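Engineer: Sequence:
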Amino acid sequence: MKKILSLSALFLILFFTQSCSQSKDDLKWSENLEQAIKTAKAENKTVLVNFTGSDWCQWCKKLSAEVFTQKEFKEFANKNLELVKIDFPRSIQQAPEVINYNKQLAEKYGIQGFPTILLVDKNGNVLTYTGYRDGGAASYVEHLKSFIM
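Residue 147 in the numbering used here sits at position 147 of the sequence shown, and the numbers go up by one each step.
Just so you know, these hints were derived from the structure itself, not from any lab. Quick caveat, the model's predicted, so the values are computed rather than measured. All C-beta atoms in this analysis are idealised placements derived from N, C-alpha and C, irrespective of residue type, glycine included. Mixed in with the good hints there might be a few duds.
To be verified - With a Cα cut of at most 25 angstroms, we get these calculated DMTMM-like pairs of lysine to aspartate or glutamate:
1. Lys41 - Asp87
2. Lys38 - Glu75
3. Lys41 - Glu107
4. Lys62 - Asp87
5. Lys41 - Asp134
6. Lys71 - Glu43
7. Lys122 - Asp55
8. Lys122 - Asp26
9. Lys145 - Glu43
Stated by the list, open to error - Label-pair restraints from in silico Cβ distances:
10. Ile92 - Glu142: 28 to 36 angstroms
11. Ile99 - Lys28: 19 to 27 angstroms
12. Met149 - Lys103: 30 to 38 angstroms
13. Ser146 - Asn44: 13 to 21 angstroms
Turn these sequences into a full structure, and let the hints guide you.
Structural biologist: Encoded structure:
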């Protein structure tokens, strides 16, 4: 009986550790585009703005799982990008100020659907609009590099 309990406890610990390590997001996503542009200017980076419906948009979830959580993208982003997430969730509560700010940005940049990825240079100029692309993180990084390097 002790063996079974010990094995069960070990299994639970391993399962919990694995779950935590898989869900860990090493990237820092801002929710303020203006601040990200200031930081990008100081650090000589490009701003990637992710207009997303994080809790309902299947293509947004796919982009996050296939690209944003992958090592290749994280390494590239940490060196070259300031990340901004402008979220339009359906079941996650947001403060009224956040909702209004996000709507204003979507209107300003003419966002028509999700996910829309906007690349902005360190001076606030739009470089390009893009979105989900097949091919995984390495391919997506190359796609982004074609606009900023």
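Engineer: For every hint, state whether the structure bears it out.
Structural biologist: Against the structure, the hints come out as follows:
About 24 angstroms separates the Cα atoms of Lys41 and Asp87, which keeps this hinted pair within 25 angstroms; it holds. Restraint check for Lys38 and Glu75: the C-alpha separation of about 21 angstroms stays at or below 25 angstroms, so the hint holds. In summary, the hint linking Lys41 to Glu107 is supported, as the alpha carbons are separated by about 24 angstroms, within the 25 angstroms threshold. Proximity of Lys62 to Asp87 is assessed by CA-CA distance (about 15 angstroms); at most 25 angstroms being required, the pair is judged to hold.
Restraint check for Lys41 and Asp134: the C-alpha separation of about 31 angstroms exceeds 25 angstroms, so the hint is violated. A hinted pair counts as satisfied when its Cα atoms are at most 25 angstroms apart, and Lys71 with Glu43 qualifies at roughly 22 angstroms. For the proposed pair Lys122 and Asp55, the alpha carbon gap of about 30 angstroms is over 25 angstroms, so the pair is violated. Under the criterion of a C-alpha separation no larger than 25 angstroms, the hint pairing Lys122 with Asp26 is consistent with the structure, at around 23 angstroms.
For the suggested pair Lys145 and Glu43, the alpha carbons sit about 17 angstroms apart, so the restraint of at most 25 angstroms is met. Take Ile92 and Glu142: their Cβ atoms lie about 32 angstroms apart, and the range 28 to 36 angstroms holds. The hinted window of 19 to 27 angstroms between Ile99 and Lys28 holds, with their beta carbons roughly 22 angstroms apart. Against the hinted window of 30 to 38 angstroms, the Cβ-Cβ separation of Met149 and Lys103 comes to about 32 angstroms, which satisfies the hint.
As the Cβ distance of Ser146 to Asn44 is approximately 19 angstroms, the hint placing it in 13 to 21 angstroms holds.
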